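Chains as they are written, first to last, in this note's numbering: chain A, 1 to 300; chain B, 301 to 576; chain C, 577 to 812.
The set of hints was computed from the structure by calculation and includes no laboratory data. In this text the structure is predicted, and so the values were computed from the model without any measurement. Backbone N, C-alpha and C define an ideal beta-carbon position, used for all residues, glycine too. Some hints could be false.
What the hints assert, rightly or not - Derived CB-CB ranges, DEER-like:
(1) B:Arg524 - C:Trp679: 44 to 52 Å
(2) A:Gln136 - B:Trp356: 40 to 48 Å
(3) B:Arg524 - C:Cys599: 39 to 47 Å
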Amino acid sequence: MTAFLQLDFAPLLAAILAGATCGLLGSFLVLRRESLLGDAITHAVLPGIVLGFFVTGARSGLPVLLGAALAALLAAAAITHLRRVARLEGGAATGIVFTGFFAAGLVLLDVTGARSVDLDVDCVLFGQMETLLWPQAEGLASLFDATALASLPRAVFMLAGVGLAVAASVAALWRPLKLLCFDAAYAQSIGLPVRLLDIALNLMLAAAAVAAFEAVGSILVVALLVAPAAAMRLITNRYNSQLLGGAGLGAGVAALGYALAGPLPAALGSAHAVNAAGAIGVLAGLVVGAAALAGRWRRA
Amino acid sequence: MITHNTLVVVLGCAALGVAAGAVGCFALLRGRALLADAMGHAALPGVVAAALLGAWWGTDPRALPPLLIGGAVAGALGLWAVQALSATGRIRQDAAIAVVLASFYALGVVGLSVVQAMPAGAQAGLSHFILGQAATMRAEDAWAAGLLAAFCLASTVALFPRLRALCFDAEFAALQGLNIRRTDAALMGLILLVCIAGLPAVGLVLVVALLVLPAATARMLNQRLPGMFMASAALGGLSGVLGALLSAGHAGWPTGAAVVLVGTAFFVASLLLRRA
Amino acid sequence: MAPLSIHHLNVFYGQTPALADICWEVPQGLTAIIGPNGAGKSTLLKAALGLIPSQGEVRFFGTTLNAARARIGYLPQRASVDWDFPASALDVVAMARTPRTRWWGALPRREREAARAALAEVGMEALAERPIGQLSGGQQQRVFLARCLAQEADLLLMDEPLAAVDAATEREIIKILQKLAATGRSVVAVHHDLASVPDIFEHALMLNGRVVAAGRVADVFTPAMITTTYGAGLAA
């Protein structure tokens, strides 16, 4: 039990929190046909993260979150601007913006010397769940011991904080967000603050991307954002089920994926574990495939 | 000043840029830009699988052709998966692309962690496919890139009227007798070819920019297709050259990032020029 | 107090003028906006509602758009919505009640009843729980009309309410519009079918990038005016 708590509890908790938060937000992306905005934001936050890190030397924390939020808002604004001014269709505008931001982030990594210190590209791309350790844990009692809990890795707290904030915001804005997704023009016509809601969603996305990137890496955040929501789309016709199911499925896939990454290779005789973030991403894709097949079988 | 090695890299990137610009012109007009993103990411597990197979069979795990073939197969599989998911009718193409992109990439990451456990340090070479490392380009790779550029240019020129009809008004073209599916498939094939070829140099995250940036810039500067096509190829080549030079000068800058930044600079310049 | 009065409205798409110097006052009752494709009919409604940028003055019931919002209803063209969205007919109509309630928690029963009543007015009460993707074109249009009705507005702006619906639905919608006018509300509808204008509407705005004519149908809906609005070549 102690070994589990010390080695696996924190990453598992991080994965579940990331999965639930991203799974919830993902439904908005899928419903608004903006799934690739999730892809774009997870890449576009890189320069923000690098600059935030450069300023404080800390890999997670408020400056990084602010830098990422700023980068995300800039990227979203740039995409909208390009679509209008350059008459580019959505995919091209998104592709240009996120690759530009990501490339800038990579160069900033080198220019600011951030790479040599602590932040490196592998961390950004793959995440570092394996480094989320909880050395102070000792037996089940630690779960109820405030001092022990306080020594959990910072990434877990950031995920918990962001997750809570996102859940609360979505709950408070439940009906306006539904209207925004379904018919934004109508929503504006009855006086809902559409532009503000849009910004709020983008901010939540950026926060989730940053909080989750340390756990699963930036590109796999996309998997958690889109796959649970897409799977729910294939299964349900009801808005509440879509949203809550997406969060639940996200948490479940994350937990199961993490579990499979360690014990499964061990059972197959391999001494090495498989990258947990990757396992989660693969499982997420398989779930969508299964949902697609289930939908087809049900309709047949 | 410019070493032989740098020259090789620059020429290789130039050729790649020209190919990407030529194909990207039609990819952009046909709205297939982000499918290139999906194909690039989907290629990773194929590359890793090819390396694993190679290691098992005893061939050189760093030899490029088998890795690229693996990547192409996986990329094509990814494309199929996107079409299949979109065909359910419940998921739009953007969601299908995002799911395929992320989950195939995840599979690749899983594979990388398996390769990591194997000897011969093959993993370091493989993860370069993610962000690109043109500095390791050898003379034969540059030649291959040159051949690729020639092939893509020749194909796009040969298919020009058909591609133009496809991009402008596919329905009308079909009524006039154009075989839409075959022309579309040819275009997808060319896009796949460029994506895979671009992996070692610029990496899978940024390869989509190779296709989109020169084309989008050319679009701003040209109102007619032939002009746009030539400008796109030329800009692609130029971005490749300048990007490679920049990356050669700064050891810590991945080639893909440098090429993309140059391309973005051109794009922004064209935006401002057009407004002026 | 006119439900809607427009002074010197100008709308540009890039450099091209879509609407030039529109001055118009909407009377009480049923008014049709008529004009050829590209005349700016939808643009006029969207500009008035602030959905697209414009120059000029627009006043609703003598006051600004924001102050009068609760009294304005909007029925947009159907195209922009994703019909696979997970919502039932009742869900869609209930969206009209959002500004009247808190944003979180379950919709109060009174609002649900109002939504149901609106659905009943368009004859769709039995299909309240049906997912919108499973409705026919005519049924979808009726749901959207119910949403507009559920706003309980005094002025309704409708963009092609009778487009692409079957004859039975069309008759029902016309009856609803006439009932609204009879109860003192005002309806402005972009309408495309010239032949039916005199049967349905009392007033008309003839539009082609600018105001060609505005007034009672009997006065302005004449062959001469129609020709001017549509350009020569339109058979009577």
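Using the beta carbons of B:Arg524 and C:Trp679, state whether their distance is inside 44 to 52 Å or not.
-> holds (51 Å)
Does the Cβ-Cβ separation between B:Arg524 and C:Cys599 fall within 39 to 47 Å?
-> Because 41 Å falls inside the window, the suggested range holds.
Distance restraint hint 40 to 48 Å, applied to the beta-carbon atoms of A:Gln136 and B:Trp356 = The hinted range 40 to 48 Å holds for A:Gln136 and B:Trp356, with Cβ atoms some 43 Å apart.
Hint compliance for this structure: no hint is broken.
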